[in-house]
Amino acid sequence: MNKVVNNPKTALEGIQDGMTLMVGGFGLCGIPENSIAQLVKMGVKNLTCISNNAGVDDFGLGLLLQGKQVRKMISSYVGENDEFERQMLSGELEVDLIPQGSLAERCRAGGAGIPAFFTPAGYGTEVAQGKEVRIFNGKPHILESALTADFAIVKAWKGDTEGNLIYKATARNFNPMMAMAGKITIAEVEELVPAGTLDPNQIHTPGIFVQRIFQGEKFEKRIEQRTVRSK
Amino acid sequence: MNKVVNNPKTALEGIQDGMTLMVGGFGLCGIPENSIAQLVKMGVKNLTCISNNAGVDDFGLGLLLQGKQVRKMISSYVGENDEFERQMLSGELEVDLIPQGSLAERCRAGGAGIPAFFTPAGYGTEVAQGKEVRIFNGKPHILESALTADFAIVKAWKGDTEGNLIYKATARNFNPMMAMAGKITIAEVEELVPAGTLDPNQIHTPGIFVQRIFQGEKFEKRIEQRTVRSK
Amino acid sequence: MALDKNGIAKRIAQELKDGWYVNLGIGIPTLVANYIPEGIEVEFQSENGILGMGPFPFDGEEDPDLINAGKQTITVRNGASFFDSATSFAMIRGQHVQLTVLGAMEVSQNGDIANWKIPGKMVKGMGGAMDLVASAENIIVAMMHSNKAGESKILKNCTLPLTGVGCVKKVVTELAVLEINEGKFHLLERAPGVSVEEIISKTEGELIVPNFVPEMQI
Amino acid sequence: MALDKNGIAKRIAQELKDGWYVNLGIGIPTLVANYIPEGIEVEFQSENGILGMGPFPFDGEEDPDLINAGKQTITVRNGASFFDSATSFAMIRGQHVQLTVLGAMEVSQNGDIANWKIPGKMVKGMGGAMDLVASAENIIVAMMHSNKAGESKILKNCTLPLTGVGCVKKVVTELAVLEINEGKFHLLERAPGVSVEEIISKTEGELIVPNFVPEMQI
Chain A
1 MNKVVNNPKT ALEGIQDGMT LMVGGFGLCG IPENSIAQLV KMGVKNLTCI
51 SNNAGVDDFG LGLLLQGKQV RKMISSYVGE NDEFERQMLS GELEVDLIPQ
101 GSLAERCRAG GAGIPAFFTP AGYGTEVAQG KEVRIFNGKP HILESALTAD
151 FAIVKAWKGD TEGNLIYKAT ARNFNPMMAM AGKITIAEVE ELVPAGTLDP
201 NQIHTPGIFV QRIFQGEKFE KRIEQRTVRS K
Chain B
232 MNKVVNNPKT ALEGIQDGMT LMVGGFGLCG IPENSIAQLV KMGVKNLTCI
282 SNNAGVDDFG LGLLLQGKQV RKMISSYVGE NDEFERQMLS GELEVDLIPQ
332 GSLAERCRAG GAGIPAFFTP AGYGTEVAQG KEVRIFNGKP HILESALTAD
382 FAIVKAWKGD TEGNLIYKAT ARNFNPMMAM AGKITIAEVE ELVPAGTLDP
432 NQIHTPGIFV QRIFQGEKFE KRIEQRTVRS K
Chain C
463 MALDKNGIAK RIAQELKDGW YVNLGIGIPT LVANYIPEGI EVEFQSENGI
513 LGMGPFPFDG EEDPDLINAG KQTITVRNGA SFFDSATSFA MIRGQHVQLT
563 VLGAMEVSQN GDIANWKIPG KMVKGMGGAM DLVASAENII VAMMHSNKAG
613 ESKILKNCTL PLTGVGCVKK VVTELAVLEI NEGKFHLLER APGVSVEEII
663 SKTEGELIVP NFVPEMQI
Chain D
681 MALDKNGIAK RIAQELKDGW YVNLGIGIPT LVANYIPEGI EVEFQSENGI
731 LGMGPFPFDG EEDPDLINAG KQTITVRNGA SFFDSATSFA MIRGQHVQLT
781 VLGAMEVSQN GDIANWKIPG KMVKGMGGAM DLVASAENII VAMMHSNKAG
831 ESKILKNCTL PLTGVGCVKK VVTELAVLEI NEGKFHLLER APGVSVEEII
881 SKTEGELIVP NFVPEMQI
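Residue numbers (the numbering used here), protein chains in the order written: chain A, 1 to 231; chain B, 232 to 462; chain C, 463 to 680; chain D, 681 to 898.
No wet-lab data here; the hints were simulated from the structure. The structure presented is a predicted model; accordingly, all values stated were derived computationally and were not measured. Warning: the hint list may mix true and false statements.
Here are the simulated EDC-like cross-link-like pairs (lysine to aspartate or glutamate), alpha carbons at most 20 Å apart as the crow flies [unchecked claim]: (1) K139/A to E817/D; (2) K579/C to D327/B; (3) K801/D to E80/A; (4) K804/D to E83/A; (5) K586/C to E311/B; (6) K399/B to E524/C; (7) K801/D to E220/A; (8) K399/B to E651/C; (9) K221/A to D698/D; (10) K586/C to D430/B; (11) K583/C to D248/B; (12) K218/A to D199/A; (13) K583/C to E316/B; (14) K158/A to E132/A; (15) K452/B to D466/C; (16) K414/B to D698/D; (17) K797/D to E191/A; (18) K399/B to E523/C; (19) K462/B to D525/C; (20) K158/A to D430/B; (21) K362/B to E132/A; (22) K462/B to E523/C; (23) K414/B to E859/D; (24) K579/C to E311/B; (25) K449/B to D525/C; (26) K462/B to E666/C.
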């Protein structure tokens with residue numbers, strides 16, 4: 001069941017104006033750099049992007065914002081991005097802010113066929129507006145619904161030809177749930193290996209969730225907050 | 232954060248008559264054999280056991296049934312067990328049958344602080360009796376609630392002193408979700424190693440979900456349906 | 463002549479499409495894996511937590527930690543993966559599995575299925591069947607047309623407790639291939655040498671019979 | 681004298697108990713990790729998906745794939761583990777994390793907290809804060825007693841959009857340790873050399889002051 005495509009161009013075929021995309025990563029960690037570059041090249045517009053963050057001005061999803069390709073962001077935190085701020089304040093960009101845990105769980109739910117679930121997060125805040133509230137164990141919870149996307153684009157460390165993925169360290173973050181929730185899921189990996197090479201016991205995302213896979217040409221892996229101690 | 236206890240006796244301290252236990256495993260695969268033997272020794276009674284299956288007459292949870300230690304089973308499939316059948320038909324044993332996927336998800340929900348979620352499984356059947364029905368995307372779903380337990384007892388392949396666990400092959404099954412859902416979770420492992428030995432990238436159950444861990448003395452690993460082909 | 467179990471499995475295997483992930487139930491459905499058409503690649507999921515099941519192991523090579531949902535010892539193919547049962551049912555509930563094949567005691571003309579409980583008899587439980595039938599986009603039931611008493615199991619309404627409602631799309635029996643559509647059975651094919659009359663007589667549910675009913679090609 | 685940020689962190693660190701899993705927010709909370717009391721072992725969780733965070737890396741040893749929720753490069757301790765963000769919030773929502781320390785713009789006497797949004801200013805988002813405050817059994821807020829305009833942030837009612845309701849149990853500021861109980865602030869300790877009168881004057885919310893208010897021991 002070979003899912004290998006040769007390049008980002010082939011991988012992203014079918015993505016059209018107005019579509020909803022999930023894009024993996026936390027900050028600039030574990031983002032599908034090569035696919036984002038291809039989205040910029042394609043020039044698709046009016047996208048709804050579901051991604052925990054929105055990149056920085058000149059990297060990550062910030063590149064799509066620069067090209068005014070995004071109509072709506074669904075995220076938990078969107079700081080560190082001047083162009084984002086400008087578009088949001090001018091009303092060009094719609095923003096739906098969601099608590100991070102609810103965002104992660106709503107993506108998982110979308111992939112897992114669970115249309116809605118109750119969570120305490122956001123009760124009593126503006127996040128709860130218009131949402132059903134119910135008490136469980138004496139504590140109020142709100143009903144949150146599943147999220148899915150036309151395409152999910154994720155980034156993994158290693159992947160095999162059948163689409164099985166292994167992430168590295170905290171570059172895992174939102175990638176596994178988004179891989180589950182995409183109608184079509186595209187994975188870009190640092191190292192693509194033949195099926196049978198990866199230990200079946202150590203697969204983070206089983207290939208069933210991935211429709212297309214390619215090895216990225218180059219990963220810049222920019223660090224957002226380089227923090228060190230002296231020796 | 233050392234969680235090692237020396238033996239099953241110490242590991243199971245605090246389990247009392249009338250408590251609810253989750254017990255990992257699918258059939259006889261990946262069951263906590265040493266802990267079950269200890270439960271038999273302890274002679275605790277009136278237990279509610281949440282476990283996908285109920286073992287066979289002379290192994291697995293069947294051993295607790297032989298000793299009439301179980302008041303109620305919450306399972307998805309309980310065949311292959313004559314004593315179980317006898318106790319159930321005589322009314323000694325209460326049985327709550329739950330679709331397997333709902334059972335798995337309800338355990339995960341219990342561990343994840345999600346009190347309830349909607350699933351299509353069981354709609355229109357006796358499983359849906361008394362449960363809220365709601366249509367999502369044109370399809371009826373029922374509201375299922377989280378499961379938790381006083382103690383969860385799981386079995387892993389490798390574990391470290393901080394409670395991090397790695398399962399082997401399909402012996403993983405229900406163990407990870409039950410580890411999440413126990414107020415106190417006990418892990419018995421085939422091989423106990425020092426913290427730092429296991430790759431942080433390959434941990435299936437992070438140690439935060441495990442309160443006590445020990446290396447089992449002996450694992451019989453009985454096969455329920457030995458099926459082979461000729462060479 | 464009516465098909466045997468292997469014949470039913472063989473006919474169902476013709477429904478497989480390249481690239482599909484497939485969940486096979488216990489019994490006749492398990493046999494489907496033996497008849498994958500040439501040139502087609504499918505991957506088998508088992509709901510305890512494995513993708514990429516291979517054939518049964520050689521004698522002496524069984525691994526007690528490696529079983530399928532029928533608790534049989536199995537092997538893995540290259541590209542296999544293991545996961546927990548919650549993730550496994552995420553695949554099923556989330557409709558990532560393209561085809562589910564399972565047995566039934568009764569099927570009704572609106573697609574209801576009963577396959578887990580007979581009142582008065584020991585109930586073993588539904589296992590994963592309710593999750594599978596409630597979620598699968600594509601369910602094929604492999605079953606005998608009649609029970610041992612000779613009564614039709616292809617019914618107007620199920621008499622046994624249901625496993626799922628309105629979910630079955632296709633039924634393959636020892637006599638026929640039936641499709642369920644708009645609340646009726648539709649006769650698509652008959653087993654080699656089996657007459658349309660025999661199928662009609664053994665089908666209690668409403669059955670639409672076209673002028674020409676081709677024989678199965680197996 | 682009022683504490684500095686490190687002093688606040690040091691005082692909060694005294695609340696740690698052996699064996700606790702702890703989530704530290706950005707800012708002052710991060711500093712708590714520098715003052716773990718002797719003989720106590722705690723493990724730090726970061727909500728992007730790591731347990732067992734170690735100190736920042738040495739210069740030149742940063743790994744872009746290894747960051748905390750503040751997006752800072754970090755290291756891991758022995759016994760660490762990585763997991764996806766859904767599992768990470770399963771830990772938080774499921775109350776497996778024993779203590780959450782985070783900053784706030786305002787706290788009210790019934791335990792409401794506001795720390796994510798100022799109307800009229802650019803909203804960056806709540807990140808994981810709403811999940812953390814809604815679920816944690818044990819929340820300590822690290823904050824300054826007053827804002828830059830000199831107005832109290834320890835209030836009867838929050839004026840900013842809320843992050844969570846009735847969830848804060850304890851507040852440590854540069855002036856005092858306050859407990860929230862039955863809809864009131866209770867003054868537990870004062871910073872060395874800070875007078876009870878100063879604390880009273882800078883607290884807008886209802887404050888219960890016992891006869892004797894000990895100085896913090898830091």
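Hint check:
Our distance criterion of 20 Å between C-alpha atoms is met by K139/A and E817/D, whose separation comes to about 12 Å. Of the pairs offered as hints, the one joining K579/C and D327/B holds, with about 14 Å between alpha carbons and a cut-off of 20 Å not exceeded. The straight-line distance between the Cα atoms of K801/D and E80/A is roughly 14 Å, inside the 20 Å bound, and the hint therefore holds. Only pairs whose Cα atoms come within 20 Å are accepted, and K804/D paired with E83/A is accepted, the gap being roughly 13 Å.
The hinted pair formed by K586/C and E311/B meets the criterion: a straight-line CA distance of about 8 Å does not exceed 20 Å. The straight-line distance between the Cα atoms of K399/B and E524/C is roughly 14 Å, inside the 20 Å bound, and the hint therefore holds. At most 20 Å may separate the alpha-carbon atoms for a hinted pair to count; K801/D and E220/A exceed this at roughly 33 Å. With a C-alpha separation of about 45 Å, the suggested pair K399/B and E651/C falls outside the 20 Å cut-off, and the hint is violated.
Using a Cα cut-off of 20 Å, the hinted pair K221/A and D698/D is violated, with the two alpha carbons roughly 37 Å apart. Simply put, K586/C and D430/B have alpha-carbon atoms about 40 Å apart, too far for the 20 Å limit, and the pair is violated. Between K583/C and D248/B, the direct Cα distance comes to roughly 31 Å. Violation of the 20 Å bound is thereby established for this hinted pair. As the CA atoms of K218/A and D199/A are separated by approximately 25 Å, the hinted pair breaks the 20 Å bound.
Taken as a hint, the K583/C and E316/B pair is honoured in the structure, with Cα atoms around 10 Å apart against an allowance of 20 Å. At roughly 41 Å between alpha-carbon atoms, K158/A and E132/A are farther apart than 20 Å, so this suggested pair is violated. Taken as a hint, the K452/B and D466/C pair is broken in the structure, with Cα atoms around 36 Å apart against an allowance of 20 Å. Of the pairs offered as hints, the one joining K414/B and D698/D holds, with about 18 Å between alpha carbons and a cut-off of 20 Å not exceeded.
Simply put, K797/D and E191/A have alpha-carbon atoms about 41 Å apart, too far for the 20 Å limit, and the pair is violated. Among the hinted pairs, K399/B with E523/C is consistent with the structure: their alpha-carbon atoms are about 16 Å apart, no more than 20 Å. Proposed proximity of K462/B and D525/C is supported: the alpha carbons are some 17 Å apart, at most 20 Å. Between K158/A and D430/B the alpha-carbon distance is near 15 Å, which keeps this suggested pair within the 20 Å criterion.
Restraint check: the Cα-Cα separation between K362/B and E132/A comes to about 17 Å, which is no more than 20 Å; the hinted pair holds. Pair hint K462/B plus E523/C holds up; C-alpha atoms about 11 Å apart against a cutoff of 20 Å. Our distance criterion of 20 Å between C-alpha atoms is broken by K414/B and E859/D, whose separation comes to about 27 Å. At most 20 Å may separate the alpha-carbon atoms for a hinted pair to count; K579/C and E311/B meet this at roughly 15 Å.
At roughly 16 Å between alpha-carbon atoms, K449/B and D525/C fall within 20 Å of each other, so this suggested pair holds. The hinted pair formed by K462/B and E666/C fails the criterion: a straight-line CA distance of about 45 Å is larger than 20 Å.
The earlier numbered hints that this structure contradicts are 7, 8, 9, 10, 11, 12, 14, 15, 17, 23 and 26.
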